[in-house]
Amino acid sequence: MSARYRQPMVGIMGLLTVPEDLGWATISDYIGRPNVYTIFFVIGTVSYFLMPVLTSVILFQILVYAIVFLYGGGLHPFSYIGLFEQGRLGAIHGYILTAWAVAGIVGPMLLSLIYDNTNSYQLVLIIFGGMHVISLIISLWIRGVMRKMKEGKIYTNNTQAANS
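Just remember that the numbering used here sits 1 ahead of the position in the sequence shown, which is counted from 1.
One or more hints might be untrue.
As the list claims (entries may be wrong) - Distance ranges between label pairs, derived from CB positions:
1. Thr-27 <-> Ser-113: 13 to 21 Å
2. Thr-119 <-> Lys-154: 30 to 38 Å
3. Gly-131 <-> Tyr-31: 15 to 23 Å
4. Tyr-116 <-> Gln-8: 21 to 29 Å
5. Ile-63 <-> Leu-111: 41 to 49 Å
6. Gly-95 <-> Asp-22: 14 to 22 Å
7. Asp-22 <-> Ala-104: 31 to 39 Å
8. Met-147 <-> Leu-124: 33 to 41 Å
9. Trp-142 <-> Thr-119: 31 to 39 Å
These are calculated hints, taken from the structure and not from any lab test. Here the structure is a predicted model, which means the values were calculated and not measured. The C-beta atom is built at its ideal place from N, Cα and C for all residues, glycine as well.
From just these sequences and the hints, can you work out the full model?
Structure, rendered in structure tokens:
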């Protein structure tokens, strides 16, 4: 992609950060956090699997914008407060930020390794799409766990002690 397309693209991605942060928090209040994650992983999966086969620069950019728009929505406390007790939110957020930092180091190294061996980003995009499929499966599994917790079929240490 030439600089003619790259430069405005970076600016538009920067403009997406505010609506991304406010938008996903608001949307999750209306449709529920698990549904937001399902949207994230479905759009991400479709985007990553389509990107290697696209020949249109505009369509490629639209998919990149879609991925960037999803990016920050999963890292805010609104997205996981329903899974954990509020008293543990700080520690959980710390774990998530630590995992995010590790991914920020390992991800580019993995990308470079694959690119150096294949001279292509196609495999990287397919791997990322596969990771989104795995994430979607895990998020659907967690829905079942959350449902059982609400029904009282699964107890955490604190809820079991409180019910005793």
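Results for each hint:
1. Thr-27 <-> Ser-113: 13 to 21 Å: violated, 37 Å
2. Thr-119 <-> Lys-154: 30 to 38 Å: Check failed, 47 Å falls outside 30 to 38 Å.
3. Gly-131 <-> Tyr-31: 15 to 23 Å: Violated, at about 30 Å.
4. Tyr-116 <-> Gln-8: 21 to 29 Å: 22 Å Cβ-Cβ, so the 21 to 29 Å window holds.
5. Ile-63 <-> Leu-111: 41 to 49 Å: Hint violated: Cβ distance 25 Å, outside 41 to 49 Å.
6. Gly-95 <-> Asp-22: 14 to 22 Å: holds, 19 Å
7. Asp-22 <-> Ala-104: 31 to 39 Å: Distance hint for Asp-22, Ala-104 is violated at roughly 19 Å.
8. Met-147 <-> Leu-124: 33 to 41 Å: Holds: the Cβ-Cβ distance is about 34 Å, inside 33 to 41 Å.
9. Trp-142 <-> Thr-119: 31 to 39 Å: At roughly 32 Å between Cβ atoms, Thr-119 and Trp-142 fall inside 31 to 39 Å, so the hint holds.
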